[in-house]
Amino acid sequence: MSVSLETIYVQSEDVVSRIIEDELIIVPLVSGIGESDDDLYTLNETGRAIWSRLDGAKSLNQIAEELLEEFETEAETVQKDLLGLVEELVNRKLVMVR
Amino acid sequence: MGYKDETEISDFQLWDKKRKNGSLFAFDIELTARCNNDCRHCYINLPAGDEQALKKELSIEEIASIADQAIELGALWALLSGGEPLLRADFKDIYLMLKRKGLLVSVFTNATLIREEHVALFRKYPPRVIEITVYGVTEQTYEKVTGRPGGFQAFMRGLNLLIDGGVKLRLKAMAMQSNAHELPAIAAFCRQYTKDYFRFDPQLHLRFDRDEVRNQLIRSERLSPEQIVALEQGDAERFTALQQGCSKLIVDEFAHTESDHLFYCSIGEGECNISYDGIFRVCSSLWAAGTTADLRKTTLREAWQILVPKVLGMRSQRAEYLENCRICPIVNLCLWCPAHAELETGELDLPVLYFCRVAEARAEAISKTTGDSQP
Ligand SMILES: C[S@@+](CC[C@H](N)C(=O)[O-])C[C@H]1O[C@@H](n2cnc3c(N)ncnc32)[C@H](O)[C@@H]1O
Ligand code: SF4
Numbered sequence: 003m004s005v006s007l008e009t010i011y012v013q014s015e016d017v018v019s020r021i022i023e024d025e026l027i028i029v030p031l032v033s034g035i036g037e038s039d040d041d042l043y044t045l046n047e048t049g050r051a052i053w054s055r056l057d058g059a060k061s062l063n064q065i066a067e068e069l070l071e072e073f074e075t076e077a078e079t080v081q082k083d084l085l086g087l088v089e090e091l092v093n094r095k096l097v098m099v100r
Numbered sequence: 011m012g013y014k015d016e017t018e019i020s021d022f023q024l025w026d027k028k029r030k031n032g033s034l035f036a037f038d039i040e041l042t043a044r045c046n047n048d049c050r051h052c053y054i055n056l057p058a059g060d061e062q063a064l065k066k067e068l069s070i071e072e073i074a075s076i077a078d079q080a081i082e083l084g085a086l087w088a089l090l091s092g093g094e095p096l097l098r099a100d101f102k103d104i105y106l107m108l109k110r111k112g113l114l115v116s117v118f119t120n121a122t123l124i125r126e127e128h129v130a131l132f133r134k135y136p137p138r139v140i141e142i143t144v145y146g147v148t149e150q151t152y153e154k155v156t157g158r159p160g161g162f163q164a165f166m167r168g169l170n171l172l173i174d175g176g177v178k179l180r181l182k183a184m185a186m187q188s189n190a191h192e193l194p195a196i197a198a199f200c201r202q203y204t205k206d207y208f209r210f211d212p213q214l215h216l217r218f219d220r221d222e223v224r225n226q227l228i229r230s231e232r233l234s235p236e237q238i239v240a241l242e243q244g245d246a247e248r249f250t251a252l253q254q255g256c257s258k259l260i261v262d263e264f265a266h267t268e269s270d271h272l273f274y275c276s277i278g279e280g281e282c283n284i285s286y287d288g289i290f291r292v293c294s295s296l297w298a299a300g301t302t303a304d305l306r307k308t309t310l311r312e313a314w315q316i317l318v319p320k321v322l323g324m325r326s327q328r329a330e331y332l333e334n335c336r337i338c339p340i341v342n343l344c345l346w347c348p349a350h351a352e353l354e355t356g357e358l359d360l361p362v363l364y365f366c367r368v369a370e371a372r373a374e375a376i377s378k379t380t381g382d383s384q385p
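Residue numbers (our numbering), protein chains in the order written: chain A, 3 to 100; chain B, 11 to 385.
Read the hints as simulated data drawn from the structure, not as lab findings. Accuracy of the hints is not assured; some may be wrong.
Derived pair list, reagent style BS3-like, types lysine-lysine, alpha-carbon separation capped at 25 Å [what the hints assert, rightly or not]: (1) Lys95/A to Lys60/A; (2) Lys134/B to Lys111/B; (3) Lys182/B to Lys111/B; (4) Lys82/A to Lys60/A; (5) Lys182/B to Lys95/A; (6) Lys60/A to Lys65/B; (7) Lys182/B to Lys102/B; (8) Lys134/B to Lys95/A; (9) Lys134/B to Lys178/B.
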């Protein structure tokens, strides 16, 4: 599925995200998420900054702008990373189109 | 904050990581002490209809509050046991509430109360694992151990529902006088369903409530050291594990130090237990005075942060301990630990003759197979 910058995405209600010892961990609540029921996921700092903004209110464009403000980096890099991560999150059913 | 030009999701393997000292990562909770079975060897069970026990049980709200506190301390795993956890009318609500908090939940059950609705729940919200104890594979043996007519049929029905529903299971067994004759068949039965995981435990400890009549029953169910060795020798996997345990006996780290500390096990390394009425223990069997805390009166954080160091700091000056268990080279083969010693003798630092006999018999069997007279 292709991911677009205009779309608004939201964290799935079927996962719970938690911070354990400074790491963000995504715990699937129901079966059929990820490859096996035992999979847990973690995101690095940038991934966390993206994850926390996938709130069902902001489009990826708006999130990209916020990230550009927060991190000193190129717009192109932010967009590429944002699209890449959200696509992966959508494929694993951790995030969905609002 | 620096921008990291890499945003892939990675699989998270908490158990591979070294946890920070002092954090809690798992808690076991006995949802009830009541059970619909009445196993002869059981260290906890009270009758299913025991009003007193029912009244003392933690409510779902109390369990939620304990879980929140555990999560704050870092917990990711929760084990629901009992008694029989499915006996609680609100079992499903408790299970789901803990799952929704992002905990990985396991359940220990006798499977006799499993119904379609549980299977549907476990299918939709998968448990980490469901562990079921197989007390016998014939009606006669199963019901001799569990003391309940009709129990075997209920067990097989529950087990088949779970198997047909594709719920992840592990089967295990307890070895005792009442089912010893059937253990090879029990092992074969268990391995048929869970090939990669099967264990039997021949080491029965005493009751948490110190009921002397029931303790006598537990003692009468204990296998003799010779029976235990014969069983273990017949189980290649287990015997190899014992041999390996023996080849790196605690001698180096344990016997050479001039310490009079009591606890040398993994106690306090990220796990704790909570009883049906909210009593916090550093380890399931540790009920000695001064080592427990009532979570209805104190917070989990306080219990965890104050009791663990206190227990780890406990020492003994008793000669029987310092000259025996403390320096015993085969303590790895023994059920002895201060908690079990206290349940047996009332003291944390007294040897238990039956445990010594079992360890000696195991050491002898191992030394015979390795050709080493000094295990
Ligand atoms: C108390 S039960 C609770 C869960 C469930 N009712 C069951 O039987 O599996 C947990 C486990 O402890 C085992 N157990 C019971 N009494 C024991 C004892 N005296 N010593 C060691 N394990 C015991 C049970 O056989 C079971 O495998
Ligand atoms: S089924 Fe479990 S809790 Fe119930 S009596 Fe047997 S061992 Fe105890």
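Lys182/B paired with Lys111/B [C-alpha distance capped at 25 Å]: 29 Å, violated
Satisfaction of hint between Lys95/A and Lys182/B, Cα-Cα up to 25 Å: 35 Å, violated
Given pair status - Lys60/A, Lys95/A, alpha carbons within 25 Å: At roughly 19 Å apart (the allowed maximum being 25 Å), Lys60/A and Lys95/A satisfy the hint.
Distance restraint between Lys60/A and Lys65/B, which requires alpha-carbon spacing of 25 Å or less: 49 Å, violated
Distance restraint between Lys182/B and Lys102/B, which requires alpha-carbon spacing of 25 Å or less: 23 Å, holds
Hint consistency between Lys134/B and Lys95/A [alpha-carbon to alpha-carbon, up to 25 Å]: 15 Å, holds
Holds or violated: Lys134/B to Lys111/B, with C-alpha atoms at most 25 Å apart: 16 Å, holds
Straight-line alpha-carbon gap Lys134/B to Lys178/B, limit 25 Å: 12 Å, holds
Hinted pair Lys82/A and Lys60/A, Cα distance within 25 Å: 17 Å, holds
The structure shown violates the earlier hints numbered 3, 5, 6.
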